[in-house]
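With the hints as constraints, model all of the structure from the sequences given.
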Amino acid sequence: MIYLDNSATTKPFTEVIESFQKVSERFYGNPSSVHQFGTDAEALLRKAREQAATLLDVSPEEIIFTSGGTEGNNMAIKGIAFAHQNRGKHIITTQIEHPSVLDACKALETLGFKITYLPVNNMGCVTVEDVENAITDETILISIMHVNNELGSVQPIEEIGDIAAKYPKLFFHVDHVQGLGKVDLDFKKSKIDLCTVSGHKIHGLKGTGLLYVKRATTLFPLFHGGGQERGFRSGTENLAGAVSFVKALRLIKEAQISNKMKLKTLNDKLRNCLEAGEEVVINSPVNGAPHILNFSALGYKPEVLIHALEEKGFYISTKSACSSKDADESAILTACGFGFDRSSSALRISLTYENSIDEMITFCEAFHDVINSVLK
Amino acid sequence: MKSIYLDHAATTPIHPEVINDMVPVLEETFGNPSSIHQYGRKARQILDVARDVIAKSIGANEKEIIFTSGGTEADNLALIGSAYANMDKGKHIVTTMIEHHAILHAAEFLEKQGFTITYLPVNENGRINLDELSSALTDETTTVSVMHVNNETGMVQPIKEIGELLREHQAYFHTDAVQAYGVLPIDVNKLGIDLLTASSHKINGPKGLGFLYVKDGVRIDALQYGGEQERKRRPGTENVAGIKGFQRAVELLNNTREEKVQTHQMFLDLFLKILETEGISFSINGDRDHAVSSIINISFPGTNVESLLTNFDLAGIAASSGSACTAGSVEPSHVLSAMYGDSNERTTNSIRFSFGLANNREDIEEAAMRVASIVQRVKR
Ligand SMILES: Cc1ncc(COP(=O)(O)O)c(C=O)c1O
Ligand SMILES: Cc1ncc(COP(=O)(O)O)c(C=O)c1O
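Chains as they are written, first to last, in full-length UniProt numbering: chain A, 1 to 376; chain B, 1 to 380.
It should be emphasised that the hints constitute simulated quantities derived from the structure, not laboratory data. Think of the CB as a built atom: it goes at the ideal place given N, C-alpha and C, for glycine as much as any other residue. Please note: incorrect hints may appear among the correct ones.
Chain A regions said to be covered by chain B (calculated; three or more residues, Cβ under 8 Å) [stated by the list, open to error]:
1) 24-34
2) 185-196
3) 225-233
Ranges of calculated distance between the beta carbons of each label pair, as one might list FRET restraints [claimed, not checked]:
4) B:Pro-24 - A:Gly-313: 15 to 23 Å
5) A:Pro-60 - B:Ser-3: 46 to 54 Å
6) B:Glu-17 - A:Glu-311: 48 to 56 Å
7) B:Met-369 - A:Gln-85: 56 to 64 Å
8) B:Ser-3 - A:His-307: 51 to 59 Å
9) A:Ala-165 - B:Thr-138: 46 to 54 Å
10) A:Thr-14 - B:Glu-259: 34 to 42 Å
The following block contains the structure:
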């Protein structure tokens, strides 16, 4: 069984599971309690927050633990919109964001916000000029993802950050869920105000994640209550979840450093051997993130291929898991200007540091067998 | 010295069997339930089974359960979500002065957004008066939110009667059952409940998980947007292993609830008896005829909460002044103030003890002895 769907979710690292287990068993106190059980839990939470801050090169008070990427994105977008609507009601995003960004923006439209959905070129990228041209006096937020989850295209975050910084009235939010641990992003250098990451995409647990909120940024909370997480995020803290998330963060950063070119090598191998087939066109840009390869098998139904590959023990996906219930057509590929034949026959392979070159080779062989045996 | 945990209303230890059920899911069934391949389908099956078990535990249908990141999120989703989805029917909400902050602060938010909120008072017994509820209702009332069991006192509200009262009214009935779930039998249909909040970490399940029951046909708006998960009412990749652990916690309580309630009652009787034998003067807050046996709130005249808690802590007794969520600080309890008035000394000399999985008979005896000697010592 070879799992090549790591952008949908990843297998938790053994150490992450162990840390979850250990903390659940030993530190069950509520961090808000004033007795020993509570203060022990609180001390551990503080330590986890400090470690997360060190790993991301930010300050501990800029870390808000969340239940995942969807919550982080909603908290950032709705939070900025509601807290700063008196400054303006315009938000800039792109056509290729994750549904948790797009749908949060659509919901804001019904409340009178104006949203600009920037187009992308055939490499799946927005241009810095388009971003700058879209900014108005009313703009309070730019929300642009780092790495796209279907294509792996990498947006010019640093350059956009430079532009955004010229307009002190607006905030810059980055959905870094797919980039974390794969493509470097310096939050400070990129002048990011808010940044979303999620645990289960980096071999952490589902239901964990964090939102980076730059110091002095005010946000309207999604939930009201006990005032945990400095009032940004009420609710009893998932301590074991937070600690295990930070463990995953450390391990993925280490893996990234010790396997510098590995994913790129695997990806190139796949790209070359898949491209050799006549029916295949590669959709991912050459300079994209190293762990994602999106391609179309023209004329084939993606679901049929996925199931045929599954029988051979390979697990890949069509597009993002979250939109798997829609028809075959990918809105992301359509936004890149690819025709219907291409955008309705897309497959995505997504890798992790634990994959090997042999797995890439056997996958390619299996893929060619499948193409030769299933009907168009 | 052994530490004794008497703060199960703040949070509970995770049950070893819950962890045992979660680990294999983390190791093997790690797929995304939205994925169409086998890894996804297996994860989806785990969710389906858990949803079914949890739905049945309150007499609901599996389509009526929305998993959330905890009680706070579920309370916010219930109150804010129903307020916005039903603005065409009115903008009035009724709740009580003794709710958890997850409800009270969500209600304050709604007030700022132009909704009208009625906060029902409670009598000295800690219960609301049904006539007052009845007269608070208007044609504009869309939701009535009354907690099932109060987290500071253990007092049970007349849920069945409220459900009956509301049967003829357009308003939805939401109850925050975070402290009731696991100790009281709940059948949402018999009790006339439309929306119900529960939280996993209060019943020996994992933290960061809860659910909102939303009766079929009840309209609520989502607080978050994104994928198709939880019928779009709560998007985000599902916490599959956590949900499996939650299921296990629910099964354990289904099997042992009666027994547990009796054990807690035994603990409580023993605890109070020792205080009496030791000659401690104390009085119990609320009316024990309408209270759960796992939570008791005791006033110790002539003492002060802060010095009691500090001394208890030094003596290895973990208790609390009320809601743990009044993060880190010991503030006068809004619940006791509602019951006895702001200036009543009970608001500043009362301690909550709550029993559960971490306790056995010997612990309770030992704890009561330590408590008695501290109370004697610190009394002015
Ligand atoms: C780019 C991107 N943003 C956000 C999310 C949502 O994260 P989560 O599944 O943790 O809610 C995902 C994954 O589904 C994603 O790929
Ligand atoms: C009555 C009540 N409601 C809601 C909550 C909040 O639940 P959670 O801690 O899961 O967010 C709590 C506990 O803190 C509670 O006791």
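Here is how each hint holds up against the structure:
| no. | hint | verdict |
| --- | --- | --- |
| 1 | 24-34 | holds (count 8) |
| 2 | 185-196 | violated (count 0) |
| 3 | 225-233 | holds (count 4) |
| 4 | B:Pro-24 - A:Gly-313: 15 to 23 Å | holds, 21 Å |
| 5 | A:Pro-60 - B:Ser-3: 46 to 54 Å | violated, 28 Å |
| 6 | B:Glu-17 - A:Glu-311: 48 to 56 Å | violated, 36 Å |
| 7 | B:Met-369 - A:Gln-85: 56 to 64 Å | holds, 58 Å |
| 8 | B:Ser-3 - A:His-307: 51 to 59 Å | holds, 55 Å |
| 9 | A:Ala-165 - B:Thr-138: 46 to 54 Å | holds, 51 Å |
| 10 | A:Thr-14 - B:Glu-259: 34 to 42 Å | holds, 37 Å |
Going down the numbered hints, you'll see the structure goes against 2, 5, 6, while the others check out.
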